[in-house]
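Chains as they are written, first to last, in the working numbering: chain Z, 1 to 222; chain G, 223 to 447.
FYI, nobody ran anything at the bench for these hints, they're computed from the structure. Glycine is no exception: its CB is placed at the ideal position from the N, C-alpha and C atoms. Fair warning: there could be bad hints in the mix.
[Stated by the list, open to error] From the derived model, a few chain G residues whose C-beta atoms are all more than 12 Å from chain Z:
#	residue
1	237
2	311
3	402
[What the hints assert, rightly or not] Here are some chain Z residues pointing at chain G (derived, C-beta under 7 Å):
#	residue
4	24
5	41
6	44
7	46
What follows is the residue order along each chain.
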Amino acid sequence: MSDYLHKIAHCIEFGKINRQSPYPPNMKDQDGADEYTQQALQSGISAQHVLLHGLITGMEKIGKKFRENQVFVPQVLMSAKAMNTAMAHLMPYFSSGELKSKGTFIIGTVAGDLHDIGKNLVSMIMKGNGWNVIDLGMDVSTEKFMEAIQQHPDAVVGLSALLTTTMASMEQTVARIKAEKPATTVAIGGAPVSQAFCEKIGADVYSPHPQGLVEYLEKKNN
Amino acid sequence: MIRTHDFTFASLNVTASDIEEFIGYQPGSSLDAFKDHYESALAIAAGVCRIIGGYRLFTDFEITKKNIIIDGLLFSTGGIISRQLKGSSGIAVFVCTAGHGISELAKEMTASGDVVMAYMYDVIGSLCAEKAADRMEVLLLKESENEGFGISNRCSPGYCGWDVGEQGKLFSLLPQGFCGVTLSASSLMNPIKSVSGIIGYGQHAGKAKRPCKQCHQADCTYKRI
Numbered sequence: 001m002s003d004y005l006h007k008i009a010h011c012i013e014f015g016k017i018n019r020q021s022p023y024p025p026n027m028k029d030q031d032g033a034d035e036y037t038q039q040a041l042q043s044g045i046s047a048q049h050v051l052l053h054g055l056i057t058g059m060e061k062i063g064k065k066f067r068e069n070q071v072f073v074p075q076v077l078m079s080a081k082a083m084n085t086a087m088a089h090l091m092p093y094f095s096s097g098e099l100k101s102k103g104t105f106i107i108g109t110v111a112g113d114l115h116d117i118g119k120n121l122v123s124m125i126m127k128g129n130g131w132n133v134i135d136l137g138m139d140v141s142t143e144k145f146m147e148a149i150q151q152h153p154d155a156v157v158g159l160s161a162l163l164t165t166t167m168a169s170m171e172q173t174v175a176r177i178k179a180e181k182p183a184t185t186v187a188i189g190g191a192p193v194s195q196a197f198c199e200k201i202g203a204d205v206y207s208p209h210p211q212g213l214v215e216y217l218e219k220k221n222n
Numbered sequence: 223m224i225r226t227h228d229f230t231f232a233s234l235n236v237t238a239s240d241i242e243e244f245i246g247y248q249p250g251s252s253l254d255a256f257k258d259h260y261e262s263a264l265a266i267a268a269g270v271c272r273i274i275g276g277y278r279l280f281t282d283f284e285i286t287k288k289n290i291i292i293d294g295l296l297f298s299t300g301g302i303i304s305r306q307l308k309g310s311s312g313i314a315v316f317v318c319t320a321g322h323g324i325s326e327l328a329k330e331m332t333a334s335g336d337v338v339m340a341y342m343y344d345v346i347g348s349l350c351a352e353k354a355a356d357r358m359e360v361l362l363l364k365e366s367e368n369e370g371f372g373i374s375n376r377c378s379p380g381y382c383g384w385d386v387g388e389q390g391k392l393f394s395l396l397p398q399g400f401c402g403v404t405l406s407a408s409s410l411m412n413p414i415k416s417v418s419g420i421i422g423y424g425q426h427a428g429k430a431k432r433p434c435k436q437c438h439q440a441d442c443t444y445k446r447i
């Protein structure tokens, strides 16, 4: 694999955005994901390779570390910022059709719930893993989820809840999706949610960590 | 009897160490990497937090094995909380909030793409609400000590088996918009960085050691009271 791709993956794993970014301290005054992505593309490496072996590899590494409690939320967010910076250079390739996303992922915090840190984290990790993410925000009604599914019939849907009281909203949304669009894959997450609850409400997948969802969808698509 | 207290941000002494501990880091282990973030977030948060705490005291109450009845309202608190409040001669129903400003700031940061600072503000908001509740406990204890009383741990809906859905009933014991906090239909407090609950006080009231150890609630967000 090209040295550039290793460097991009490394910068994303450790949250090095660009040369100006002082984070992480041990990479100060070095190029970051921003510069290496531009250099990789200029050197003729395909956008597909940059995405697969740079961005996705870096995000996979940080996702695994997060799952294993080796890093905490701020480090994942720094990685996501680095990934977003690199991704900006790949956007023209998505627009031209040269790059294809792994699919569309619709995400939102369910009705009645206004917590968004977990939802944002999943959103960014999915984006970094090559998914086209449609973030519906917080306090999202079942109707709004249904409209988004109508517009993106092949999308995977992710529902987030932090309150035990809003798990009822989650149940209602899952029931409606499964009744009207049974082929839609529905993922659920959030502190009070469990595998037992996932099975009870008929969702397809629950993972306590974003990486679990990434790996589930990877397996499902292959 | 109703009491409210305003707390300044400085008086709560929220530190970088508090933030890193809340996030999950070992003390001092993240300071090299995130010191600037912590310091900048603390400086800005100081100007936007509007921290208020208050409580209402009730002497019309009954504690059974798994329930607590306050002013005629039955709360299914579960055995752990009932045991902690046993021996109380009164119950304080409390609310503390960090105010709207800190959550608004977090929202603005998220919208601008600065998700790291958004997270820092979110954590500081949570810490302020919790620390205000700690301070309010001290004030309640001072008030109680004058009468030779002690206080129990504070117990909140959503913890130790007490259904968060009972939050509405709890708020009905307080004046409308007490401390500026209101409830949504899903029992979500607004401002979002707020805590509520009950504390027992009395001659035989006291703090239980390590109450989380007694609780087997698998879906607890923080695994703490």
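Verdict on residue 237/G as a residue remote from chain Z, using beta-carbon distances over 12 Å: The claim holds: residue 237/G sits with its nearest Cβ about 16 Å from chain Z, beyond 12 Å.
Holds or violated: is there a CB of chain G closer than 7 Å to the CB of residue 41/Z? 22 Å, violated
Any Cβ of chain Z at or closer than 12 Å to residue 402/G, or is the non-interface label fine? Residue 402/G clear of chain Z: closest Cβ-Cβ about 16 Å, beyond 12 Å.
Status of residue 311/G, Cβ more than 12 Å from any chain Z Cβ: Non-interface label stands for residue 311/G: nearest chain Z Cβ at 31 Å, farther than 12 Å.
With a cut-off of 7 Å on the beta carbons, see whether residue 44/Z makes it to chain G. Violated: closest Cβ of chain G sits about 30 Å from residue 44/Z, beyond 7 Å.
Let me know if the C-beta of residue 46/Z comes in closer than 7 Å to any C-beta of chain G, holds or violated. 27 Å, violated
Please verify that hint: residue 24/Z, Cβ, nearest Cβ of chain G, below 7 Å or not. 6 Å, holds
When the structure is compared with the earlier hints, violations turn up for hints 5, 6, 7 and for no others.
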